[in-house]
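Could you build all of it, start to finish, from the sequences and the hints given here?
Here is how the chains run, residue by residue.
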Amino acid sequence: MKSSATPAEVPIAAEGGVRVAINEAADPYQAFDELMVAVEALCPRWPDRPPFPSNARFLL
Amino acid sequence: MRVTLSRLAHQIAEAIAALDGIDARFALIGGLALASHKVVRATQDVDLLVESEKADAIEAELHRLGYRRLHRSSDAANYVRGDERLDVLYASRPVAKRLLAGARELKTSLGVLKVVSAEGLVGFKLQALVNDPTRTQDLEDIRALVRANRSSLDMEEVRGYFRLFEREALLDEILRDTR
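Read top to bottom, the protein sequences are chains A and B.
For the first sequence, this note's numbering begins at 41 and goes up steadily by one.
For the second sequence, this note's numbering begins at 15 and goes up steadily by one.
No false leads were slipped in.
Partial list, computed: chain B residues near chain A (C-beta under 10 Å):
1. 56
2. 58
3. 91
In case anyone wonders, no lab produced these hints; they're calculated from the structure.
Just so it is clear, CB atoms sit at the ideal spot from N, CA and C, and this is done for glycine as well.
Rendered as structure tokens:
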């Protein structure tokens, strides 16, 4: 796995309970990509997901 | 430019190049768009808001890339390629058209990305939550967006989305929880 150049204080998972503002100078998509490399290594094949519900209300 | 490594990043770049190639207007929504609003989390899907007038051309491009259609209505479509998923919402109503027109262009390590506003993203997350209340991740995303962007969010616009879906009490609860 590629080593991360992202500062340690940058949260990579909002739901991880970390409430620290992202470093505005950093590219959040670099952090995202590095996170996805790790996630994809742990989960090399995504599970099936259902399509949108047939009775969905799209109001926007 | 930094070389991207994740499979999802390559999927995004490929889709963007294909849609740019047919001059289709689009913007990132869903988990991918969160990153541009200070919330970085993993996601499995590429979610796009696209101009509804180009629905057929977009589908043809996705077929060319190897995707097959799982579902399509006048509002939305799901495409799959192996275990890769690409979902689109069609901007056909005034709100979505406005959000698509106002999408910001960002230069990122994944290339130039267009993303909807934080307020619009909250609206789309709310719509997904209302359509499938078991998707608790959407509620967590809304909480994270509000928490991370509290001082800059146009709360009247956000409240308008919650009013549209008759969920104003939920917004009040979120605002209390993220204080």
